[in-house]
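Put the two chains together into one complex, using the hints given.
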Amino acid sequence: MKNIIKALILFLLIFSQSYGDENLSNQILKNLRCLVCQGQTVHDSNSDFALTIKSVVKDKIKEGNNEREIYTFLSEKYGDWILLNPPLKKSSFLLWFLPYLLFFLGIIFLFFLIKKPKIGP
Amino acid sequence: MLSKLGILFIIGTLFTSLSIIFLTFKELKAIDNLIPSKIYKFSLFQLFFSISSFFVLLLAYILSDFSLVNVYENSHSNKPLFYKISGTWGNHEGSLLLWINILVLFSSLFLFLTKNSDKSFKILTLLFQNLLIITFLIFLLTNSNPFSELFPVPLEGLGLNPILQDPALAIHPPLLYIGFVGSSIYFSAALAALISKIDSQSFAISIKSWVLVSWFFQTVGILVGSIWAYYELGWGGYWFWDPVENSSLMPWFVMTALLHSILVLERRIGLYSWVIVLSILTFTMSVTGTFLVRSGILNSVHTFASDPSRGLFILSFLVLMVFSSIFIFFKFSPKENKKYSIFSKEAFIIANNWFMIFFLGVVLIGTLYPVLLDTITGSKISVGPPYYNLILAPFLIPLLFLMTSGPNYKWISNDVRSLFNLVLVLSVTFFLITFFLIKENNLLINLILFFSIYLITQTLFDFYESFKKKNINISRIISHLGFGLLIFFIYINHIFSVENNFNLKLGETKKTDYYTIKFVNLEEQSIKNYKSIIGYFNVSNKKNFTSKELRPEIRVYDKPFTITYEASINSNLFSDTYLTMSNISDTDVFNIKFQVKPFMNLIWLSVLLLSLGGVLNFFKRKKNEKN
Numbered sequence: 000m001k002n003i004i005k006a007l008i009l010f011l012l013i014f015s016q017s018y019g020d021e022n023l024s025n026q027i028l029k030n031l032r033c034l035v036c037q038g039q040t041v042h043d044s045n046s047d048f049a050l051t052i053k054s055v056v057k058d059k060i061k062e063g064n065n066e067r068e069i070y071t072f073l074s075e076k077y078g079d080w081i082l083l084n085p086p087l088k089k090s091s092f093l094l095w096f097l098p099y100l101l102f103f104l105g106i107i108f109l110f111f112l113i114k115k116p117k118i119g120p
Numbered sequence: 000m001l002s003k004l005g006i007l008f009i010i011g012t013l014f015t016s017l018s019i020i021f022l023t024f025k026e027l028k029a030i031d032n033l034i035p036s037k038i039y040k041f042s043l044f045q046l047f048f049s050i051s052s053f054f055v056l057l058l059a060y061i062l063s064d065f066s067l068v069n070v071y072e073n074s075h076s077n078k079p080l081f082y083k084i085s086g087t088w089g090n091h092e093g094s095l096l097l098w099i100n101i102l103v104l105f106s107s108l109f110l111f112l113t114k115n116s117d118k119s120f121k122i123l124t125l126l127f128q129n130l131l132i133i134t135f136l137i138f139l140l141t142n143s144n145p146f147s148e149l150f151p152v153p154l155e156g157l158g159l160n161p162i163l164q165d166p167a168l169a170i171h172p173p174l175l176y177i178g179f180v181g182s183s184i185y186f187s188a189a190l191a192a193l194i195s196k197i198d199s200q201s202f203a204i205s206i207k208s209w210v211l212v213s214w215f216f217q218t219v220g221i222l223v224g225s226i227w228a229y230y231e232l233g234w235g236g237y238w239f240w241d242p243v244e245n246s247s248l249m250p251w252f253v254m255t256a257l258l259h260s261i262l263v264l265e266r267r268i269g270l271y272s273w274v275i276v277l278s279i280l281t282f283t284m285s286v287t288g289t290f291l292v293r294s295g296i297l298n299s300v301h302t303f304a305s306d307p308s309r310g311l312f313i314l315s316f317l318v319l320m321v322f323s324s325i326f327i328f329f330k331f332s333p334k335e336n337k338k339y340s341i342f343s344k345e346a347f348i349i350a351n352n353w354f355m356i357f358f359l360g361v362v363l364i365g366t367l368y369p370v371l372l373d374t375i376t377g378s379k380i381s382v383g384p385p386y387y388n389l390i391l392a393p394f395l396i397p398l399l400f401l402m403t404s405g406p407n408y409k410w411i412s413n414d415v416r417s418l419f420n421l422v423l424v425l426s427v428t429f430f431l432i433t434f435f436l437i438k439e440n441n442l443l444i445n446l447i448l449f450f451s452i453y454l455i456t457q458t459l460f461d462f463y464e465s466f467k468k469k470n471i472n473i474s475r476i477i478s479h480l481g482f483g484l485l486i487f488f489i490y491i492n493h494i495f496s497v498e499n500n501f502n503l504k505l506g507e508t509k510k511t512d513y514y515t516i517k518f519v520n521l522e523e524q525s526i527k528n529y530k531s532i533i534g535y536f537n538v539s540n541k542k543n544f545t546s547k548e549l550r551p552e553i554r555v556y557d558k559p560f561t562i563t564y565e566a567s568i569n570s571n572l573f574s575d576t577y578l579t580m581s582n583i584s585d586t587d588v589f590n591i592k593f594q595v596k597p598f599m600n601l602i603w604l605s606v607l608l609l610s611l612g613g614v615l616n617f618f619k620r621k622k623n624e625k626n
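Taken in order, these protein sequences are the chains called H and Y.
If you read the first sequence in numbering that gives the first Met the number 0, its first letter stands for residue 0, the second for the next number, and so on.
If you read the second sequence in numbering that gives the first Met the number 0, its first letter stands for residue 0, the second for the next number, and so on.
Since the hints were made in silico from the structure, they are not lab data.
Keep in mind it's a predicted model, so treat the numbers as computed, not measured.
Take these hints with a grain of salt, some might be off.
[Unchecked claim] The calculated label-pair distances, taken between Cβ atoms and stated as ranges, are:
#1 H/Val35 - Y/Asn540: 32 to 42 Å
#2 Y/Leu459 - H/Leu87: 40 to 50 Å
#3 H/Phe110 - Y/Phe329: 19 to 29 Å
#4 H/Ile107 - Y/Pro79: 55 to 65 Å
#5 H/Ile107 - Y/Lys467: 56 to 66 Å
#6 H/Pro86 - Y/Phe47: 54 to 64 Å
#7 Y/Ser404 - H/Phe110: 40 to 50 Å
#8 Y/Lys196 - H/Leu87: 48 to 58 Å
#9 H/Ile60 - Y/Lys527: 40 to 50 Å
#10 H/Lys88 - Y/Ser581: 33 to 43 Å
#11 H/Ile60 - Y/Phe618: 53 to 63 Å
Even for Gly, the Cβ is constructed at its ideal location relative to N, Cα and C.
Chain Y on its own, in the form it takes in the complex (with noise of 0.2 Å):
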């Protein structure tokens, strides 16, 4: 039943769809100057078809209806409501129909709330992003549907895959979709403007918003999936340059790059070509990670839905989307003037431009160069954590450094000289005293560190300024400033992490440099789901005499039957204290893996800050847009 009507609802989508293409087709030889209402009523129709094909899955799982294949293979009668929920995304086929919801609700959103704006370039973007729709409905109905039916019914699910029943882990998707997915509206946009010629500086206006937005949600929607990392894989870290974790970087560094650029276009005429590229490349990056995810060619901790088909069907597509683009931008290429001169602080936007680009390349390259080298040669290799951290580290040096000193490049009068040469005495003075305090001897991280802190030190500076002069820039300021401490702190935690492994018994008792560990209790546990042995362990600081409990534990679900060690961490703003037991087969000794890492919370903050930075420009430029 839910089946059909699921089914129905995406017939009617991909109907809508069709004939918005049509009518934006018939549209464009039209003279008139007025956008049809029946194309605003196709979309509104369209959008609340696809909504609804959305909330009948949505159904289906709450509802554990297993006549549908998908939600037999993905949940479980038992399980927690909210995980019933997620458990939409949490899967190839939902999140696929997430991802057609998305570009449908960025399609309508464009179409109504994009005013003052140049009749053909609205209705080819439209026509472009309902292309883009079409592509995804025939690979979600020939391929992927997530309401093929299955008879006959089964009484029971499979369950979902225990890793996943995670509240970080059930919401990041949609915020890293709402981001990558939502840039496509700006790829449909950038091919639009290329081909119905309108100026650069209402395209980068149009755009602006929808960038912001993408912006947003990407930094966010990593922020979420890292701190997921950080407590569920139980290792203690929460970056690891994995395949799935670069797919979400890629997109976020051309973003990134984008969101800077659109800031000269918007006041000049320069870089207009360039715009048109990074808008095309952030959606390539986007469909790019999403087959190297979904295809199952990488090897990753995250990945949870890979067929070779579904990777055949998005490498085509990727295919197809990228030559129709350069063949778009090369017959209607915009005739710029190339000999514009580039005065110092865009020179400095561009030199963002070529550090992110620098960054995305480096990330592409030791992603796919394994894949490459093994499909050409046979021979397998991994490139890590190690590989990222040699080549990116010594570059975020000349980075901080432009980030300090570009912004206010402008307006260097004699009287903010002296205030820059403050900054500079006061910077070192801090890095003097950090240098005391930590005693590291490797110059790429005291370079790094002194670096951080000029940024940190320049942005204060400049917010104590933001408040004389009016005329200053703040969302650049919250945002380089965040930057800034995400790097200083980065960098402090992996100074001081301290981390033990050993064996322990129940009752004995584990003595470290600065801890003693005891372990007090063993607990077993029935929950709803799964069954659970919590250890109970007393950590005492030899220094400062505090003691902590900490409860790590190991669950045993059996739907699917799966174990998971879930970390326990005592979390404060300046340290987090953080232990994981595992059982050593065939005895009674566990495993214990002890860390002490400082300044997390801070780490998550500072990118926290990174993304505030974006919605306070979104607002200005509300505000400003009233005005």
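Just chain H, same shape as in the assembly (with noise of 0.2 Å):
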């Protein structure tokens, strides 16, 4: 049973990658945050940050490079700071895992404190 939800969950995560056909740079952008803004995203920012970063993007996009590229080509040069979508990385391993493995514990827990009535209406 646990394997079926495990498979099942991986299944889902690489389906749930794909965004269909989305404008790729708008994508891009709404997972870049404004430096210099508070909080906002640099798709949501007109700041001359946001903008000069769309223009990246776009030129970016235009030179062939694809969306990991371009997230890499960004990160070395502004920090992780700048993803708002976190890369797997040694530093982000328990961020992506930990509630995985919460949520499994937590299944284990329950799978034994259900096991046990006897026999309910």
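In structure tokens, the structure reads:
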């Protein structure tokens, strides 16, 4: 049972990665933090910084870079702080796996709790 | 003058709170079964002093009394009256006073409204609640006094941040405070229940109304805050997974879990310890959220009051609170019959609790992880919407499924089973219709849509059934229907949202796939406390030839100097047309963001439906009590 759920979740994760045919540039900009603003994305901001990044991303797409390459380029330049979708690294390993660990521990816990009953109505 | 009066009332509150603590402490040793009238009197005086101090601050804002530092820093005599009033709680000191008022209000309400309850339980609840009150009063007096005086008295104030001058923003903090500060009363009650060892059922019954009230206000508070973000921040989104939003969501998850598990505890003995833990956790999450927001360790759009020294105080309080709760919990832990059997229906409620705690965990991890990482390694990362969507969205599927099948599990007879299948067939049909209309190819989104449709159909059937049978919980149906609709509309909205960004000069026209947008006119106006540049746009739909006029604004406030971009929204039940304009420096070109967002109003209505379930449950309960 657990394996099935695990497999299902992995399967879903793979699928949720693909975002249909939304405009690539907008999609990238929505995942970038505007560094000079308070909690805004580059996409939503009109600050000079955001305008610069917007044109950089546009150029990079024209040059044929894919989404991942653009994120890598930007994070090398501005640090991971700019990426709203934290990449899976050593430092963010726990961030990504702790939730799943939590969930499965819960399932195991509940499994033992619910297994116990003497026949209910 | 007002400053001195305010401080006097605060001292009065402090004195009465201390007296209540003293009296309740003394009363613990008494043998009789009656709470002395002295305690009631002191509680009334405490309420009077505390509310008076709040009114004094309110008055200072209305009269623009700049001899108070707080009024000077956050108000201006030109401001409209409504925002002078809301300015009272639109800053750290004032909101702390409001916070204390709610603690006191709930303390008194609990004392006066809880009837037929164990004496030592009531007395102890009052004791703990007043300990909380004292702590926050000390914080207010030593660190964040809204009544601090300023000399010489300035002629004019600095003004309120214009982004806070908005009706929805003005009312949402009090709503949220009633929600999460209100949770303090069942925090106190949980500790009291442990020590006084009252039985689980009377504990459940005595806190249920309070949980419902705080849950309702928290839900509505989040809704209003979200609506504010939607039209005021000008991005067209309504939820950003911003740390401040997360702080309001975290207590909500625990409250929701608590709401469900109390249903079990009301009828059976099981889950007592767990309900106690949840009661303690709710207020702990509220204080944690407050700490994160007020200490300024988080980067957020909503941050309006941050200062490290405040953070330190709240953190120390939090640590003290958590450790003393843990101590009390283990010292007085109820001896529960751990071998209770869990019946089918209760298993579902436990499953609900697990999901809520899981969601809480994810939001907590996402919010705290960057802070901890920064402290430990010095590297900064951001955790934004993509993280939460990716992790949480798949779990909506089992949650929706459990919400559909759980509540009906107990009374599945053959007769109902056929109905059950009919629901499934109908749901599949509805889903297929939706699928062909939207042509979405993402499997996850399709699954979520299907399960939300399933939940909606099932609850509608339950609704029909509830007219035939009388024993069905109508508040549950309404709330679950609201949740199903919420998820459904959120995803439909996500799929159908159209967004265009472009630059336009006055007189120019932009054609998109379905719309023609004409920049017709530009006007300047001087309003009471700001200057406004208004753009007139004509948006016509190529499909059905309707046209709308939209008037976005750029506002320039001078006290303090701020520029805000006001979206113009043409809103109807099925679709919002959303337009913002912003000037590009040194040019006569304007950047236009044009969005069409379907079903926004239905998203809001779904949340209202969700909260309505809580209200119905509250009144049903009151009615049952009378019978």
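Evaluation of the provided hints:
no. : hint                            : verdict
1   : H/Val35 - Y/Asn540: 32 to 42 Å  : 37 Å, holds
2   : Y/Leu459 - H/Leu87: 40 to 50 Å  : 42 Å, holds
3   : H/Phe110 - Y/Phe329: 19 to 29 Å : 26 Å, holds
4   : H/Ile107 - Y/Pro79: 55 to 65 Å  : 57 Å, holds
5   : H/Ile107 - Y/Lys467: 56 to 66 Å : 41 Å, violated
6   : H/Pro86 - Y/Phe47: 54 to 64 Å   : 57 Å, holds
7   : Y/Ser404 - H/Phe110: 40 to 50 Å : 18 Å, violated
8   : Y/Lys196 - H/Leu87: 48 to 58 Å  : 49 Å, holds
9   : H/Ile60 - Y/Lys527: 40 to 50 Å  : 46 Å, holds
10  : H/Lys88 - Y/Ser581: 33 to 43 Å  : 35 Å, holds
11  : H/Ile60 - Y/Phe618: 53 to 63 Å  : 57 Å, holds
In the structure shown, a violation is registered for the earlier hints numbered 5, 7, in ascending order.
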